[in-house]
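**Student:** These protein sequence lines are chains F and L, in that order. So for the first sequence, the working numbering puts the first residue at 1; every next one is plus one. So for the second sequence, the working numbering puts the first residue at 1001; every next one is plus one.
Source of the hints: derived by calculation from the structure; they are not laboratory data. For each residue, glycine too, the CB sits at the ideal point set by N, CA and C. You can take every hint at face value.
Cβ pair distances, simulated, as ranges:
1. F/4 <-> L/1359: 52 to 58 Å
2. L/1323 <-> F/161: 56 to 62 Å
3. F/250 <-> L/1342: 25 to 31 Å
4. F/281 <-> L/1400: 54 to 60 Å
5. L/1342 <-> F/135: 31 to 37 Å
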Amino acid sequence: MNHPIVKKKKLNHLNYLIRVKAPQVAERFQAGQFVIIRMHEKGERIPLTVAEVNKKEETITLVFQVVGKSTLELSSMKAGEALLNVVGPLGNPTKIKKIGRVICVGGGTGIACIYPIIKAMGRAGNEVTSVIGAQTASLLILEDEIKKASHQTFVATDDGSRGYHGFVTDILKRLIHESTAKEIGEVILIGPAPMMKVGAEVTRPYGIKTLASLNTIMVDGTGMCGGCRVFVNGEMSLTCIDGPEFDAHEVNFDEVIRRLDMFKEKEKLALENYKKKEKNHENRWKKGSHEGTAF
Amino acid sequence: MREQPSEKRIQNFDSVPYGYTKEEVIQEARRCIQCEGGPCETHCPVSMNIKKMIREIVRGRFEEAFFTMKKDNPVPGITGRVCPQESQCEGVCPFHQTKNGINIGKLEAFVADWAMERGIKEEFHIKEKPQKIAVIGSGPAGISCAVDLRKWGYKVTLFEALHKAGGVLQYGIPEFRLPKKVVDYEVSYLSEVGVDVRLNTFVGQNITFEELRRDYDAVFIGTGAGAPLFLRIAGEELKGVYSANEFLIRVNLMKSYRFLEYDTPIVCGKRVGVIGAGNVAMDAARCARRLGAEEVHIIYRRTQKESPAREEEIQHALEEGVWLKELVSPKKAEGSSEGWLEELELYRMKLTEADQSGRPRPVKIEDSEFRMELNTLIEALGTTPNRLFLNRASELEVNQRQLIEVDENMKTNIEGIYAGGDAIRGNATVILALGDGRKAAQAIHEYLSEES
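Full structure from sequences and hints, please.
**Tutor:** Here you go:
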């Protein structure tokens, strides 16, 4: 079954949003879960974050950052075109219950992932404080949506171009200092692994329950390949079927971070090759129209 | 059987055997003396009418030979290539004693390919029945169960978690041993006879087992044993360490051996170690050679004699320059500061009295540690059923190895729920899974006939 793209939006020069028809996922998705898509017959299986679902329209909204060949190609797809496969929802949903005060920390594209969790936590009667951040103001996504869904929102950018000049984890630290540990029921971290690693260290001394949603490399997403293995409290777990959320204080982030670049060289090669091919294609197209032979 | 020479074949992923010509296949079939009682047939897990197939081949009646096979075996093009014939049909051929048994597997593959090239298919009239059956998993067990039930007129829905049907035939067995063209052809037959194949549907996750129980009159579980086992030694988090499943899924299902044309990458170093000596280990080692590894070592705690791999696979691997390191067992892996695998430390082993499997038990030799420089390590230790499915179908009775318990009719402890293949056997063979699927189909047919 094909999955037509019904809407596409460029959020900034790195992040894109696509809304895709995927009735099965729309019907069953819960906050914290993800999907795996394939664009075409030769495509990779790409795990992606679901920012929103619309059950009535049977659509899911995916937000992604262009990091390599596959995401660059995905960003070039237009509304009306279709993804070949969407499988999901995958992974375990976030445990949503009334806890009291919850701090949701989202960095970069992780903001899209934490957005449904913020909404669900709010609906469950929690007081949700959101802390979102990006390298720079132009890369900050979903700010208005997050503000609307949260009781309080703090914004940080690495270069100070918007909100606090610094990291989201600095704000997290301040929030903890300003309250008593008891007051904060739970902290959820979603973003680049180094950010989650620092976040875990911020909350550790206070014993605040902290969850991190991992974005490891995976292939099938069904527990078959073991490529997404992580070590949690010294035990091997699979991000796809045991996660993606784990107790942030028990995750060995150094290993998670090191494993992320396993295919870096190959990915670079694929990206260069794709860009070259696209350029040739463009040139041929231009040349053809100049000579008036293309049509 | 003529084969691609080893120095040539490690440069490609094409089939190793060239396959028979028409003349060759008839010549091979003529050697059969049509033994009384047909030991080859009684040793075939699906009791294929092998003698008749051979008689038809001798007469050049390939179409008849094809339909003879098809009666008992829905996927002869596959079993002809991957069955362990030496311990089944060919193993009991009287000529086998002189190492010259009739090459039944290759005859089977020839006839199946001949029919595929000509688009010759079984045609049957389906008398529709109202009952609906769910089949979970599109591997060999699921395929045979689905096809049989459909022929009897049941409405069959086949659920597959991945984007392609075929299970282990698709993701596990490499192209050079089982061309994917053959798998795709056999799988396409499912849709042709009206099986509703639902890809990208992970039962237990995207649709619950309870829903299937509620919405279908019977369920067959052919979920296989798809979860990899790890040694649980230090260093398994290093980059360059793979489960054989991941390595083979990348290569076979995602076609990373054609990287850049296909998007999924694989990193395979120059020095590769493969832990284990079963068929999967041989497959991984041979893939690694084809991906450009200069040295590939099978790392095995017993010796070649005890290896569970097919003789043919071991020979093929050795011909392709794979080294067999016997009586060694990994202790730990070590890597660079960037987290890349660099070295494997191993113990030397010795064999002692036989264990439960009947094979001599390997034990460590004290202070025998030594090191091997490696940049890729592939763990082929066997697989186990997917725990996600079992956790979410918790009423199902399983044994200590997490294999689903069934009775002699493949029925589980739950009424109307049947299971077969690797989900009940662990790491077994394609042909045993086919047999299970078939037997379960028969039992489901009887169960639903009684009911109505």
